[in-house]
Amino acid sequence: MVLRKNDVTGWALATPLSAVLAVFLVAPIVMIVVVSFWGATEWSIYPAFQFDNYAFLLSSDVTYRVFLNTLKYAFVTWVFTLLIGFTVAYYLAFHIRSLTWQIALFLLCTIPFLTSNIIRMISWIPFLGRNGIANSTLISMGVIDEPVEWLLFSDFSVILAFVHLYTLFMVVPIFNTMMRIDTSLIEAAADAGASGWQTLWHVIVPLTKPGIMIGTIFVVALVMGDFITVRFMSGSQSANVGRMIQNDIGLLQYPSASATAVILLITVLLLIGTLLRFVDIRKEL
Amino acid sequence: MTTISKVRYTRRSLLKTGGAAVAAAALPAPMVWGQETKNITLRQFGTGVSNLNEVAQKVKEDLGFTLEMTALDSDSVTQRAATQPDSFDIADIEYWICKKVWPTGNLQAMDTSKIANYDKIVGIFRNGKLTPESIIAQGTAPHTVGFTSGVNGTDFVDEESGFMTLIPTIYNADTLGIRPDLIGRPISNWSELLNPEFKGKASILDISSIGIMDMAMVVESMGEYTYPDKGNMTREEIDLTLGIFTEAKKNGQFRAFWKSFDESVNLMASGEVVIQSMWSPAITAVRSQGIPCVYQPLEEGYRSWGGGIGLSASLSGMELDAAYEYINWYLSGWVGGFLMRQGYYSAVPETSKNFMSADEWGFWFEGKPAQGDIANPFGQVMEKAGAVRDGGSFYDRMGAVACWNAVMDENQYMVRKWNEFIAA
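Top line first, the protein sequences correspond to chains A and B. Last residue of the first sequence: 285 in the numbering used here, with the numbers rising by one and none dropped. Last residue of the second sequence: 709 in the numbering used here, with the numbers rising by one and none dropped.
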């Protein structure tokens with residue numbers, strides 16, 4: 001085959017990105033897969049090709065419970081971030097008329113993200129605690145007599161923190177796609193006699209799907225891979241896959257951590273693969 | 286760094302000819318060393334307890350070289366000592382970590398003849414006995430992993446072989462911390478941790494190797510089971526212990542688990558938790574906020590731990606000599622006094638005495654009522670006149686040790702079960 005000039009240019013242009021991806025994405029993943037078959041003693045790991053790590057992982061009912069718990073966190077967080085994210089984006093895109101205000105309010109949304117997300121997460125702890133601001137306010141208002149215990153170190157606080165941390169990842173892509181919706185379509189819907197809800201459901205939501213999907217991928221991937229939020233907000237009392245991996249790493253069980261990471265990676269890929277069956281985001285980008 | 290100044294040779298021969306005591310007594314005056322000492326940097330890492338910047342500053346003042354400190358949690362410390370021997374010169378680790386790390390050969394044995402105060406190190410770290418009548422507690426007692434067969438030994442030997450794995454630096458006896466104001470009645474047994482009275486207000490630490498020992502103390506105190514050796518459980522014993530705690534967890538006994546020192550302080554100070562496993566300085570930190578907190582002595586005794594300094598296997602030449610210099614300085618009293626005024630114990634208490642006031646010594650070591658205000662090394666007043674240390678004197682506390690922090694033969698199994706407990 002003779003290389004034409006265009007081909008050479010094409011290859012040359014693709015090389016830097018491919019090289020970066022090969023070194024920083026493909027190679028580490030290959031390494032993780034390789035190590036997942038290795039063996040470990042208490043203080044060292046040794047090369048091997050054995051299925052022990054997977055056998056232990058897949059035969060323990062704790063693994064299934066933890067994966068289920070992780071999926072639960074991802075799903076509930078997704079529902080809330082989607083509802084809030086969609087509403088905020090809708091308001092910004094369709095209720096704010098001037099572009100200047102849209103940009104200003106959008107930037108306002110991002111201000112909390114200028115601080116570390118660990119700080120944003122930890123600041124919930126004194127707020128939600130037994131003697132925290134939330135409880136003392138509720139008591140002084142007479143809503144409750146005894147401090148509410150489930151506010152902190154519970155699934156509630158974990159999901160609250162997730163929603164707080166990740167809603168913006170939903171707002172941004174949805175807002176972005178909404179801004180590109182041709183307003184004449186909405187006018188047409190109104191002219192054809194559609195009610196506000198009908199326009200929303202039959203015009204705006206279908207056209208916003210790619211944004212929703214991108215936001216969903218962000219949120220799901222972030223929640224599935226998290227370990228620190230679950231550790232702090234549940235007071236170490238709940239586990240997700242990330243914490244399982246973290247515990248293994250802390251105890252020098254790298255092969256077992258790798259095996260868990262591989263299973264997690266497959267789970268997330270399957271999940272995202274399924275999601276992408278519903279919406280072709282490439283067509284829309 | 287293979288060239289060594291002549292001055293240093295002279296000093297070493299001095300040490301060998303019995304001038305060690307003189308040399309040590311001359312501390313903390315700067316040593317007459319080659320100028321190149323000033324350029325030496327020793328990298329030390331370890332758990333937060335003794336990795337203090339004040340120590341690094343004092344080393345610079347007294348010995349002239351630079352000590353770089355890195356503080357990590359015990360898991361990371363183990364990991365680093367076992368896997369990255371070139372990333373440190375001095376490992377400040379606990380004895381149970383030593384049991385895990387020593388067989389990797391990443392640390393080198395220390396010649397006790399070069400340790401000036403070796404003979405004054407308390408018995409716990411030498412033959413295991415605090416006093417000649419002491420019974421050796423269960424678990425990884427420091428003396429069992431304190432000696433090896435030779436410079437390159439990767440084994441442990443029972444007798445004082447002249448080659449130490451770690452030079453002991455700091456140790457203490459741990460128990461439960463309580464909020465007496467929120468509990469309102471005396472607490473005298475480990476079993477209280479699982480008392481339904483404290484449902485949703487108890488906590489335990491999420492560091493498996495230490496947590497399992499606290500659990501064992503509780504299980505034994507409840508009368509559920511008596512372990513032949515809490516520090517080395519069988520699989521059945523591990524299942525039993527974690528089974529009892531999993532049930533308690535499911536019943537909502539625990540408010541949270543903690544992994545780092547400040548988490549334990551916050552849980553206690555905020556009143557989220559009224560009884561939990563705790564470390565001595567955490568108690569102090571709660572109290573210094575004006576919140577009552579007691580390090581409660583319990584009938585069943587203490588769970589004890591000890592730490593020491595180990596030298597990286599790759600340390601040689603001038604750096605190695607500097608490291609010995611540092612160790613000798615460490616045991617010569619200043620650090621001991623500094624640590625003892627925080628509630629820890631020094632491996633050579635008698636040298637530390639010179640660096641403490643009579644009142645401080647009486648309060649911290651002898652368990653006597655304070656005559657005046659007792660301040661910590663940072664100048665903050667911790668106790669008023671008349672206060673007595675929780676648990677009493679050194680011999681009362683260290684003499685009532687029921688077990689040492691340990692690493693078990695079934696450690697991997699235990700760790701997996703521990704993960705299940707956390708996930709339950």
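Be aware that one or more of the hints could be misleading.
Subject to a maximum C-alpha distance of 27 Å in a straight line, what follows is the list of computed BS3-like cross-link-like pairs (lysine-lysine) [as the list claims (entries may be wrong)]:
| # | chain 1 | residue 1 | chain 2 | residue 2 |
| --- | --- | --- | --- | --- |
| 1 | B | Lys-414 | B | Lys-343 |
| 2 | B | Lys-414 | B | Lys-638 |
| 3 | B | Lys-534 | B | Lys-484 |
| 4 | B | Lys-343 | B | Lys-384 |
| 5 | A | Lys-72 | B | Lys-653 |
| 6 | B | Lys-544 | A | Lys-72 |
| 7 | B | Lys-638 | B | Lys-653 |
| 8 | B | Lys-702 | B | Lys-384 |
| 9 | A | Lys-72 | B | Lys-399 |
| 10 | A | Lys-72 | B | Lys-405 |
| 11 | B | Lys-702 | B | Lys-405 |
| 12 | B | Lys-484 | B | Lys-702 |
Here are some, though not all, of the chain A residues that point toward chain B, as calculated from beta-carbon distances under 7 Å [stated by the list, open to error]:
| # | residue |
| --- | --- |
| 13 | Val-62 |
| 14 | Gly-129 |
| 15 | Asp-155 |
| 16 | Asn-247 |
| 17 | Leu-251 |
Here are the computed distance ranges between Cβ atoms for each label pair [claimed, not checked]:
| # | chain 1 | residue 1 | chain 2 | residue 2 | range |
| --- | --- | --- | --- | --- | --- |
| 18 | B | Pro-417 | A | Phe-156 | 53 to 59 Å |
| 19 | B | Ser-398 | A | Val-23 | 49 to 55 Å |
| 20 | A | Asn-131 | B | Thr-416 | 42 to 48 Å |
The hints are simulated quantities; they were obtained by calculation from the structure and are not laboratory data. Glycine included, C-beta positions come from ideal geometry on N, C-alpha and C.
The hints, checked one at a time:
1. A threshold of 27 Å between alpha carbons decides the hint, and for Lys-414/B with Lys-343/B the separation of about 32 Å lies outside it, so the pair is violated.
2. With a C-alpha separation of about 21 Å, the suggested pairing of Lys-414/B with Lys-638/B holds against the 27 Å cut-off.
3. About 10 Å separates the Cα atoms of Lys-534/B and Lys-484/B, which keeps this hinted pair within 27 Å; it holds.
4. With a C-alpha separation of about 30 Å, the suggested pairing of Lys-343/B with Lys-384/B is violated against the 27 Å cut-off.
5. At roughly 56 Å between alpha-carbon atoms, Lys-72/A and Lys-653/B are farther apart than 27 Å, so this suggested pair is violated.
6. Proximity of Lys-544/B to Lys-72/A is assessed by CA-CA distance (about 25 Å); at most 27 Å being required, the pair is judged to hold.
7. For the hint pairing Lys-638/B with Lys-653/B, the CA-to-CA distance comes to about 15 Å; that is within 27 Å, so the pair holds.
8. Of the pairs offered as hints, the one joining Lys-702/B and Lys-384/B holds, with about 21 Å between alpha carbons and a cut-off of 27 Å not exceeded.
9. Straight-line distance between C-alpha atoms of Lys-72/A and Lys-399/B comes to about 60 Å, which puts the hinted pair past the 27 Å bound.
10. Between Lys-72/A and Lys-405/B the alpha-carbon distance is near 59 Å, which puts this suggested pair outside the 27 Å criterion.
11. With a C-alpha separation of about 41 Å, the suggested pairing of Lys-702/B with Lys-405/B is violated against the 27 Å cut-off.
12. Our distance criterion of 27 Å between C-alpha atoms is met by Lys-484/B and Lys-702/B, whose separation comes to about 23 Å.
13. This hint holds: Val-62/A has a C-beta 5 Å from the nearest C-beta of chain B, less than the 7 Å allowed.
14. Interface restraint check for Gly-129/A: the shortest CB-CB distance to chain B comes to about 5 Å, inside 7 Å, so the restraint holds.
15. Violation of the interface hint for Asp-155/A is found here, the shortest Cβ-Cβ separation to chain B being roughly 13 Å, above the 7 Å cut-off.
16. About 5 Å separates the beta-carbon of Asn-247/A from the nearest beta-carbon of chain B, less than 7 Å, and the hint is met.
17. Proximity of Leu-251/A to chain B holds as hinted, the smallest CB-CB distance being about 5 Å (cut-off 7 Å).
18. One distance hint, 53 to 59 Å for the beta-carbon pair Pro-417/B and Phe-156/A, holds here, with the actual separation near 57 Å.
19. As the Cβ distance of Ser-398/B to Val-23/A is approximately 51 Å, the hint placing it in 49 to 55 Å holds.
20. The supplied range of 42 to 48 Å is met by Asn-131/A and Thr-416/B, whose beta-carbon atoms lie about 45 Å from each other.
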